[in-house]
Each structure stands twice: as structure tokens, then as C-alpha cells.
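Chemist: Chain by chain, the residues run as shown.
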Amino acid sequence: MGAKVTERLYHCLMSSMPLWTNHLNLLIEAAAVLAFALSGLLAAARKSLDAVGVFTVTFLAAFGGGTLRDLLLDQRPFFWVEHVHWLWVLMGLCMTAMLFMRHRHFEPTERAMQWPDALGLGLFAAAGVSKALHTGSPALVAVLMGVVTGVFGGVLRDVVCNEIPSAFRDHKPYAICAFVGGWAYVGWWWITGSAGQALMVCVTVTFGLRALALWRNWSLPAWKA
Amino acid sequence: MGAKVTERLYHCLMSSMPLWTNHLNLLIEAAAVLAFALSGLLAAARKSLDAVGVFTVTFLAAFGGGTLRDLLLDQRPFFWVEHVHWLWVLMGLCMTAMLFMRHRHFEPTERAMQWPDALGLGLFAAAGVSKALHTGSPALVAVLMGVVTGVFGGVLRDVVCNEIPSAFRDHKPYAICAFVGGWAYVGWWWITGSAGQALMVCVTVTFGLRALALWRNWSLPAWKA
Amino acid sequence: MGAKVTERLYHCLMSSMPLWTNHLNLLIEAAAVLAFALSGLLAAARKSLDAVGVFTVTFLAAFGGGTLRDLLLDQRPFFWVEHVHWLWVLMGLCMTAMLFMRHRHFEPTERAMQWPDALGLGLFAAAGVSKALHTGSPALVAVLMGVVTGVFGGVLRDVVCNEIPSAFRDHKPYAICAFVGGWAYVGWWWITGSAGQALMVCVTVTFGLRALALWRNWSLPAWKA
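Residue numbers (this note's numbering), protein chains in the order written: chain P, 162 to 386; chain B, 162 to 386; chain Z, 162 to 386.
Derived from the structure by calculation, the hints contain no laboratory data. Small disclaimer: the values here were computed from a predicted structure and weren't measured. Any given hint could be a false lead.
Each pair may be met inside one copy or between any two copies, as identical chains are not told apart.
[Stated by the list, open to error] Dumping the calculated DMTMM-like pairs for lysine to aspartate or glutamate here, alpha-carbon to alpha-carbon at most 20 Å:
1) 208 <-> 190
2) 208 <-> 324
3) 333 <-> 235
4) 333 <-> 243
5) 208 <-> 268
6) 292 <-> 324
7) 208 <-> 235
8) 208 <-> 243
9) 292 <-> 271
10) 292 <-> 268
11) 292 <-> 235
12) 333 <-> 190
13) 292 <-> 331
14) 208 <-> 271
15) 333 <-> 268
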């Protein structure tokens, strides 16, 4: 009888696990996408773009990196074609922001988004490396695809806003964190053979490095004059 | 005997119809492509680009949107690979313009091109929605592909000319017209099942809205300060 | 006996030929890629980009044109995926340059790179035309793909650096040389049927024209005011 209860409990736990992790996954994914989207929204607001511009720049910031990666790897469907609901969410976000956001909210918003943004960088990089390795890319190319996934949404956002991409000129470690995290993925995967663990390692290393860089205010070395 | 004459007349009409509509189709297509190309030509002239820049920007304005759509949908061949003669036409247009166009002709040219441009927006959007639906895209993605086809030629033109795309910042309804027209396509297609009719509806709605917007001088709502 | 020596000599020569030409090919390829990469490096230095920006712009200048061509032609793998060692070389180049290059070295470097750059233009254009013809592109499209391969690395470099691409506004024959060279490829190939010879003709014509343009300081005709 006791064994039966344990068994039932175990069964119950196991069958609710996927739901739990699903919810957690969804929450993490949402935090990451929204952080990236918000960076686009703020950039568009700073340039006083109209509704079309705001949506486009927000979309590029959120999904531009992954879309570029899939174009380069010749993979379809894109994330936003498979998860169309995200397009509706972004549209709603843009509408709401244009109606309610005030300029004086920009800076606090940006500071508040730093941590979900760092999480997004880790998740996007890990997803990029994983997808590239699965399509048979060499290690270095896979790592660079991780960087592209995490960073080039912001690059496209800045190019459309007619700025030199901040990822290329602010001398803060951002892409570098994803680069190191990508090698952590590849290394862990080579040693243990577990892609699932490698994914977690990549997210942790990338997020950890980025958090350290923000906290200690690290800078990249600049050109000698 | 009378029946035979009627039959012959009918037959004659039917067999000449394709020719008629072909000519009309060609005329409309030419007006649309040339209107888009001219917008690129004028932008290139304003920046005093050289012959290479003029051709590239003209090409991007005319075919950049459709090319980007086909890249995203993974469709080949591109319109300008299937209809190479258009490349020759654009080259001839650029040559002629560089030899004969004067700056004081710019503004009247631009105003005169507004109507063929609105027609082009409708046609390009309809073609984009149709192609995306045929490749199995979800409705919203198909509508956005219509917008990309109609609008992103101008976006690429402005990015290369080092400007924030005017479609993103002039607060005039342009992409929005194509967006509404795209939904008209999808709606009509869902209700009647006729892709041919849906195409006409899309062109009419997009063109009509754009014409209204030009005529009534509509503006999109801006950011609150 | 004498015949045997001659035969052996001939044999020896023949079997060492591939090695010789391989070495020569490698040297020419390296000169071309490095010249293009250096143009990116200098542009990045002028904008004081950080390490990430320097590598990206250098990469785009070297491989952006060929990558865009392969995206348009739907060809994989990219050159830099097949020859990953080039990515390491570019990374090493960027590191070294950021540590050792001084601004006063920029102008002499640029002048010294003009000749390998002209060679690169010829080689990239020839490779582009050849690849496009092999995938069944019409002649004009193939020639334009040659131009894209040779010129659009620089275009992407300038777009990311937030400049109007110099290839579009400096009124110097650059893309035009590749355009003429591309037609030389197509013409020679049509007449003789030899793709190998056509390749050499294309490189020679493109390089020759570019060298002439540099030497005689040719300019493209500008817009009439």
C-alpha cells in the first residue's frame, strides 16, 4: 500500500514536471524576448519613430539576430513564424508603449532591463550555438552563430536607427561574454556529450560574465592613439 | 448561322482577352516598378551618388522588398532573375536620368509619382501576401510579407543612403495601408476562396487607403512627450 | 637513356606543378583576402570601434560580398565555413592591429594596399561570375553577382560604419571594372567554352582596368547641377 502511494506520488510528480518546467521555460523565454524587444522600443522612441518604425525596430531587436542566423544556416521556419503569437505580443507592447510611455521613464527602464537582457544574451547565444552544431557547423562557426543570435538583433536595430551599432563601439564586454559562453557550450558538449547540460553551462557562463562585467564595470582595451 | 457568328465572335473575344489583359498587366507592372525605381533614383541624386550608387539604390528601391521577402520565404528565382530585361531597363533609366535630369525637376517628379507609387504599394503588397500564403505562411506572417514587399525596398534605399528610413519616421500612413490591404486579401480569400479576387481586393484597399491618406493628409499618432 | 632522364625530369616537373600552383594560388588568395580585410580594419580603426566591432567590420569587408552572393544564389557552405582557418587569421590580424597599429600608419597602409585590393577585386569578381554561371544564372545576373562579390564587402563595411558606401559616391571606377571584367568572363566563355581561361581573362581585365583607373586617376561622370 505504502509503495503504491509512493508510486502514485512519483507518477504525479513526473507528469506535472513537464508542466512545471514548461512554465519556467516560458517565463524565461518571455523575459529574454521582452528585454530584447524593449531595447528596440527605447531606441525607436529616442528617434521619435512612428508606429511602423517602432514595431520594426522592436521586432529587429527581438528576433533579428535569430533570423539572421537562420538565413545564414539556411534553416526554416523562423522562430516568429513558428510562434506567431509573439508578433501579436510585440504589436501590443508597441501600442501600449506609444500610448503610455514617457521619456523620463527611459533611463530607469533601461537600467531595470539590464538583468533580463543579460539572461536573454545567454539564452539566445545557447540556442544559436545549439542550432548551428545540429546543422553540422564547425565549432568556431557555431560559436559565432551564438554570438550573432545574441548580438545582431541589437546591431540591426542600430543600423536601421542610423547609428554605429553600440555592440561595436561601447567597449563593454557583451558579444565577448556570448563568445566565451559559446566555447563553454562546445567544450562541455565535447567532454560530456550532453547537449542539454551544455546549454545550461552556456547560459550560466554568458550570464555570469555579463553580470560580472556590469557589476565591476569592465571595459575592453581600446586602440592606442 | 447566327449562332455560329456569335460563337465565333465569342471565341475571338476570349482568345484576344489574354492579350488585352496581358498588355494591361504589363502596363500596371511597369508603372509600379518605375514609380518605385524613380524614388530610388531621386534619393540617389539628392546624395550625389555616382553611376554605381545610382543604379544600386534604384535597384534596391524597385526590387529590394521582393528580394528580401523571397530570401525570408526561401523562394527562388527572384523577380529580377526571371525578368532580366528589367535590369536593362533600370540601367537605361539611370543613364538617361544622370544625363538629362536637373535638380529643379525633383519635386514635381516626386509629386507626379505619388499615384503610381500608391499603385505600386498595392500591387507589391498583394503579390507578397499571395506568395507567402502559397508557401504556407500563417495569415499574420503573410500580411507582414506583403508589407515587406511593398515597403522594404524604400527601407533598404534609405539605409544605404545613410538615412533613417522615411517609412519609419514620417508619420504618414504607408506601410499601414499595405497592412490593412493584406488583411483584406486574407479575409476575402477565407470567405470566397478565390485568390484572384482577393488580389484585386488587396490592391484596391491598399491603393484606396493610400490615396485617401494623401488626399486628406492623414498623420499617424506620435509619441507623447 | 637520355630519353629516360627527360621522362623522369618531365614527370618530376609535372608532379611538383600542382604543389607550385597550389602555393601560388594560396598566395594570391591570401593577398586578396588580406587586402579586403585590411580595408575593413582601417575603417574600424578610423571609427575607434572596440574589438568586437573591429573583427565584425574586418570580416564583412573580407567575406561580406561572397556571403551576400551565396545568400542570393542559395548556395552553401560559405567560404568562411569551408575555410574556418581564415576566421582565426582575421581574429589574429585584428588583435595584432589593435595592439601595434598607429594612426600615422593608416595612409601609407592604404596606399600600399591599392594593388592587392585591385587584385582582390579581380579574383572575387571572377569567382562570383563563375559560381553564378554554374548555378544557371543568366549572363547579366552572373556579371552582377561578380560585382556583388567584389564590391559589397566594402558596402556592408561602410553601412555598419554608418557611412554612405564609398563605392557608391567616390566617382572612381571600381565596381565598373568588375562589371567589364565580368562581361569579359562571359564573352570568353561563350566563344571558347573554357571556364578556366575565362577566369584568367576576367581577373586580368578587372585588375588591368582598375590599375589603369588608379594610374590615370580616372573619374566617373557626375550629375549635372
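Chemist: State for each hint whether it applies.
Modeler: Verification of the supplied hints:
no., hint, result
1, 208 <-> 190, "neither (28 Å within a copy, 35 Å between copies)"
2, 208 <-> 324, "both (11 Å within a copy, 12 Å between copies)"
3, 333 <-> 235, "neither (31 Å within a copy, 36 Å between copies)"
4, 333 <-> 243, "neither (34 Å within a copy, 31 Å between copies)"
5, 208 <-> 268, "within (15 Å within a copy, 26 Å between copies)"
6, 292 <-> 324, "neither (30 Å within a copy, 33 Å between copies)"
7, 208 <-> 235, "neither (33 Å within a copy, 32 Å between copies)"
8, 208 <-> 243, "neither (31 Å within a copy, 39 Å between copies)"
9, 292 <-> 271, "neither (30 Å within a copy, 39 Å between copies)"
10, 292 <-> 268, "neither (35 Å within a copy, 42 Å between copies)"
11, 292 <-> 235, "both (11 Å within a copy, 18 Å between copies)"
12, 333 <-> 190, "neither (24 Å within a copy, 34 Å between copies)"
13, 292 <-> 331, "neither (29 Å within a copy, 39 Å between copies)"
14, 208 <-> 271, "within (16 Å within a copy, 25 Å between copies)"
15, 333 <-> 268, "within (18 Å within a copy, 29 Å between copies)"
Violated hints for the displayed structure, listed by number in ascending order: 1, 3, 4, 6, 7, 8, 9, 10, 12, 13.
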